[in-house]
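Participant: Listed below, chain by chain, are the residues.
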Amino acid sequence: MTNIRVLIADDQMMVRQGFTVLLNAEPGIEVVGQAVDGLDAVAKVAELTPDVVLMDIRMPRLGGIEATRRIMEPPGAAVKVLVLTTFDLDEYVYEALRAGASGFLLKDASAADLARAVRVVAAGDALLAPNITKRLIVEFSRLSGTARAPLKERVGDLTERESEVLSLIAQGLSNAEIAEALVVAEQTVKSHVSRILVKLGLRDRTQAAVFAYETGLVRPSGQ
Amino acid sequence: MLRVTSVQKEEKGVRARLVAALRAVPRNLRDDLWTTARDPLPRTGRPSWQDWMPAFALILVLSATFVAIPNINQLVSLYQLDTSYAVLLGVLQSAALVLALVRPVPAWWAVTIAMVVVAAVAAPRTSDVLFPWTGPGLALQGGVLLLLALRVRPRAAVEALAISIMVGLACGLFVSRAHNYGAGTAAAVLTTVVVVGAAVRGSRVARTELVLQEELTAEERARRTQLEERNRIARELHDVLAHHMSLISIQAQVAPHLVEDPPDELRENLAAIRENAVEALTELRRVLGVLRSEDPLADGARHAPQPTLDRLDELVGNVRDAGQTVTTQTTGAPRPLSPGVELSAFRIVQEALSNVMRHSPGTRARVELGYEPHALAIRVTNTAPAEPAPPTRIAGHGLLGMRERATMLGGELAVGPTPDGGYEVTAILPATPRKPPADPVEDTP
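Line order of the protein sequences matches chains A and B.
All residue numbers for the first sequence refer to my numbering, where the first residue is 1 and numbers rise by one.
All residue numbers for the second sequence refer to my numbering, where the first residue is 1001 and numbers rise by one.
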């Protein structure tokens, strides 16, 4: 198995070097580059094609959210963005998720959490920090009150089973957990998930969870 | 049955209230009219009433004197009073008008008593003599009642009016000699002046209240502005702090990787440092959660790091792009200062420049930074505007915020016009020398 290739974008050298040391010490993870701001990050992603980008939100020249948006813009972009933040449950983090980030991580996370987050995001078979992510999405999708009507039709494209799987994704269940809940093979869940993502034009399960809450498929009270 | 009872009760209630009101009359009269109390002169009127008092007094003295002559004349010729009595009573009535300016209620008592005395000693010469008011006498009483109505509650003014008219009627009734009973005219004249006086007083009171209300609102707004500003400052500083705590936790984790086979003591120590940093961060997040709840930051500012003086050129560039002429000068050797000082200094310059653009557009602005051994001196000046800017009455967010920031750091802030007609903001922020961090250029929390 090849290493997960990571790019670290932060305006502080201390953070970049620190995370580089911590991640390089983990088996199967390799830091391939560092970016000093958003613009640099966009350029380095194009140049180095990493699997995962650790992205700070507050950076000079171009902030992390806008950089994430630019990186995720090309339809075929396979890279995953993991947002670094000083604060959880932050509207910036929610904005970052909407911009296409797959998850977020507190800057003071332990080395083990950091490595786990990179692996989860790279594999894409579970939500990162399901409880916090769910809470964040619920809180901000309720506040932002995004338009729901036009999206409803797209939910209509999903089969009943797929809608069921989507709501379980939104509740933070991993593929294995979903398989257990629906009494099917994990491989079946995987194919359901990828069909959902294709039908809805979404990039990963984090985006699927945001979508599920924003369209009202999953109601915060119904959990 | 029930209804009847309730109607009876209601009747009883009405009667009881009526009786109570009637019982209260003597007390009210005593409270209202056996006093020297009167409204203070309004203080909020722009050309102060206090300033105009001498003028009013002069006019009153002149008109009182002017009226006294025909008054005494008529008292002598028409009412057949002794000259000495006539002069005494006439002067008393005129003096009461002047007194009414400062003591309306006693003045009113004086004219009323004078009227009774006049009625008691007078002997109208012919039946067409106006009685018990001579023409000038009625004018004087009207003047006193007007001043009274301007200065006391409407109830007291109405009571005084009623007593005046009733005393007048009584005087007329008890005099046996034939006379022209002038009660109707007098009642009309006196009622009119009281109504006019009460109306003027009413509108003045309303205006005063409005002014007071406005003052209160402005005060309220200023206080809220200050709180918002403090909140913003606190949030920014906690933000910087949280950022540094994050760094500590990262560094504590990284450190063991930098040496080969780190001893257990070192590991444990670093783990404890990290634990403490994470705990402090948890607390900080709680505080910031409170402070951030209302944070109307501009979109552009939100995703950028908290500024330091490194970004001063950028700021000045933006201000120049907006069409403002700005020159900068730095004296002393620039050195990195503590994050709080850097942030506050940046914000003070930012506020000062935005004030220049707001209040004196088209002038030349100058930003001076002085790195002194133990302080950072900031001076932002602008030249005199072509035409003086309209003075703003509301204390700006900007000024308040600058002062808060300077005070919080133990520094000073002074603002004011310069001799050449421009404006100047000076701040001195204490700044102890600080060891440069590992990567000073990029240390932008």
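Treat the hints as calculated values from the structure; they're not laboratory data.
All of these numbers come straight from a predicted model, not from anything done at the bench.
A portion of the hints provided could be inaccurate.
Unchecked claim - From the structure, some residues in chain B lie toward chain A, with a derived Cβ separation under 7 Å:
#1 1241
#2 1243
#3 1257
#4 1276
#5 1281
What the hints assert, rightly or not - Calculated from the model, a selection of chain A residues having no Cβ within reach of chain B, i.e. all distances over 10 Å:
#6 11
#7 14
#8 15
#9 21
#10 29
#11 49
#12 60
#13 98
#14 107
#15 108
#16 111
#17 177
#18 195
#19 214
Claimed, not checked - Residues from chain A that face chain B, not an exhaustive set, calculated with beta carbons under 8 Å:
#20 23
#21 27
#22 59
#23 87
#24 115
#25 116
#26 187
#27 188
For glycine and all other residues, C-beta sits at the position ideal for the given N, C-alpha and C.
Participant: Checking each numbered hint in turn, tell me which of them this model violates, lowest number first.
Facilitator: 1, 4, 6, 7, 8, 9, 12, 14, 15, 16, 20, 21, 24, 25, 26 and 27
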